[in-house]
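Be aware that the sequence shown starts at 34, since it is given in my numbering, and climbs by one per residue.
Do not rely on the hints blindly, as some may be mistaken.
For lysine-lysine, the following DSBU-like pairs were computed, each having C-alpha atoms within a straight-line distance of at most 30 Å [claimed, not checked]: (1) K267 <-> K390; (2) K397 <-> K319; (3) K87 <-> K72; (4) K368 <-> K397; (5) K98 <-> K35; (6) K469 <-> K453; (7) K124 <-> K100; (8) K397 <-> K469; (9) K151 <-> K72; (10) K390 <-> K469; (11) K100 <-> K72; (12) K319 <-> K463; (13) K35 <-> K72; (14) K390 <-> K445; (15) K319 <-> K469; (16) K100 <-> K46; (17) K46 <-> K445; (18) K368 <-> K445; (19) K469 <-> K445.
Read the hints as simulated data drawn from the structure, not as lab findings.
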Amino acid sequence: MKTTLIYAGITGKGFDSIGQGMDSGWISHGLAILSAVAKEQGFDVDLIDLRTLKDWEHFREDLVKRKPDVCGLTMMSVDFNPVMQCVDVIKEVNPAIVTVVGGPHPTLDTEEVLANEKIDYVITHEGEIAFPRLLAAVEARERPAERLIRGEPPDLDSLPFSDHDFFLDEWRRWGYALDSPEAPFVPELPPPFVTLIAGRGCIYNCSYCQPAERILFGRGVRRRSVGNVIGELKHLRDRYHFASFMFHDDTLTEDQEWVSGFCRAYRAEGFTQPFFCQSRADIIVKHEDMVQLMAEAGLRGYFIGFESGSNRVLRFIRKGTTRAQNLEAARICRKYGIAVWANYMLGLPTETEEEIKETISMLKEMDPDYYSPAFYTPHPGSDLYDYCQEHGLSLVTDHDSYRRNPDEVKIKGHDYQFLKWALEESRRRKPVNQLKRAVRYYWKRYASPRKVVRKLRKMVAGTAVL
34 MKTTLIYAGI TGKGFDSIGQ GMDSGWISHG LAILSAVAKE QGFDVDLIDL RTLKDWEHFR
94 EDLVKRKPDV CGLTMMSVDF NPVMQCVDVI KEVNPAIVTV VGGPHPTLDT EEVLANEKID
154 YVITHEGEIA FPRLLAAVEA RERPAERLIR GEPPDLDSLP FSDHDFFLDE WRRWGYALDS
214 PEAPFVPELP PPFVTLIAGR GCIYNCSYCQ PAERILFGRG VRRRSVGNVI GELKHLRDRY
274 HFASFMFHDD TLTEDQEWVS GFCRAYRAEG FTQPFFCQSR ADIIVKHEDM VQLMAEAGLR
334 GYFIGFESGS NRVLRFIRKG TTRAQNLEAA RICRKYGIAV WANYMLGLPT ETEEEIKETI
394 SMLKEMDPDY YSPAFYTPHP GSDLYDYCQE HGLSLVTDHD SYRRNPDEVK IKGHDYQFLK
454 WALEESRRRK PVNQLKRAVR YYWKRYASPR KVVRKLRKMV AGTAVL
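Put together the whole structure using the sequences plus the hints.
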């Protein structure tokens, strides 16, 4: 029996887009783990990644050549349209192909996905146990009568490591000359670059995410052991000789004891490769000793969800942080040479223009290394989504709009022209901050005060640029 897993994440960059930023340069860990689990149990599994193909006709042709018996697709809310189009093409090519769809959106809006009768099975929650079990039933010609299958949480340490080759080999098959398993996205993370996930779930209660996280993974966080994660890093080092990596975890630093153990083990195993991970402003402020330890181990950047510079808005979205903590967290990161990737939202429900200006002023004072703005998007499964539905605020009429991109207003009550101005102004550095960044940049690059001064003088004279 032949199983083809399909990655349909093309809403952002479209077809023929491998290596073009985060959404087109990274593997799907969901499919990569399913591949590893299925192969471990003896199933023949291959991959179609729409990002490698030219168009829908190319997908049809490739599907005809592969002749799968089962097609498995993962779906986030933003992937709804391309996944549904994949299902249409699959059934046109061969109605006997068994179609299986899983992932966050089928878990959070199950009825919408089940409404498509061309989908034979919908797996909700986690699929590492349920999917191979379904494959075994299909192979034995004992297909379940029920289309809806609820997945169950696996023991994370018992799972095989994500199958990076599953994606890398497919990308190379289509002629993509890659020197890295995944696409690095900042200078602090040189190629070869990889990503990994240490745990699942989130203990926090932000209204723009919860209870979706709890629905998907249960309450709390289930994290792999330090030894298991170090084992994967050793495997990745042997396999790809990676020079940097990133943790995908929602909030890796919520468990300071785990982080401390990881940092000690990471250094003890001889790793020196730089890495990024996600954290929160309140954690950074309350645990500066952990920040220092991570910096000494190789941490070069935090993704931090600052979200807003207004204390009222932060309370409204149940962030659990304050403007003062946001600013202090950025200061602490600067102290230890850690880059700040600032995630923030504009156009939240109830947010006023004055409160948006508070976010702008916070960012100018903070001077993050990287700006990552979004126009607030009401995502299914979250309390803030329900709030928008109850108050008739949502402007989302198509699943493609679930992207976090800041180029369309997603809810009523905001002036689009003002938001466009706010977007640009939020990323405009003060002249003094531009100068500070130039000094830091050349200090790191040349490590010599004399060279830095000489370079800055040339900049002032207009004969050199940053």
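For each hint, the structure was consulted:
{"no.": "1", "hint": "K267 <-> K390", "verdict": "violated (46 Å)"}
{"no.": "2", "hint": "K397 <-> K319", "verdict": "holds (23 Å)"}
{"no.": "3", "hint": "K87 <-> K72", "verdict": "holds (28 Å)"}
{"no.": "4", "hint": "K368 <-> K397", "verdict": "holds (18 Å)"}
{"no.": "5", "hint": "K98 <-> K35", "verdict": "holds (12 Å)"}
{"no.": "6", "hint": "K469 <-> K453", "verdict": "holds (27 Å)"}
{"no.": "7", "hint": "K124 <-> K100", "verdict": "holds (12 Å)"}
{"no.": "8", "hint": "K397 <-> K469", "verdict": "holds (13 Å)"}
{"no.": "9", "hint": "K151 <-> K72", "verdict": "holds (26 Å)"}
{"no.": "10", "hint": "K390 <-> K469", "verdict": "holds (23 Å)"}
{"no.": "11", "hint": "K100 <-> K72", "verdict": "holds (18 Å)"}
{"no.": "12", "hint": "K319 <-> K463", "verdict": "holds (29 Å)"}
{"no.": "13", "hint": "K35 <-> K72", "verdict": "holds (11 Å)"}
{"no.": "14", "hint": "K390 <-> K445", "verdict": "holds (19 Å)"}
{"no.": "15", "hint": "K319 <-> K469", "verdict": "holds (27 Å)"}
{"no.": "16", "hint": "K100 <-> K46", "verdict": "holds (27 Å)"}
{"no.": "17", "hint": "K46 <-> K445", "verdict": "holds (27 Å)"}
{"no.": "18", "hint": "K368 <-> K445", "verdict": "violated (40 Å)"}
{"no.": "19", "hint": "K469 <-> K445", "verdict": "violated (39 Å)"}
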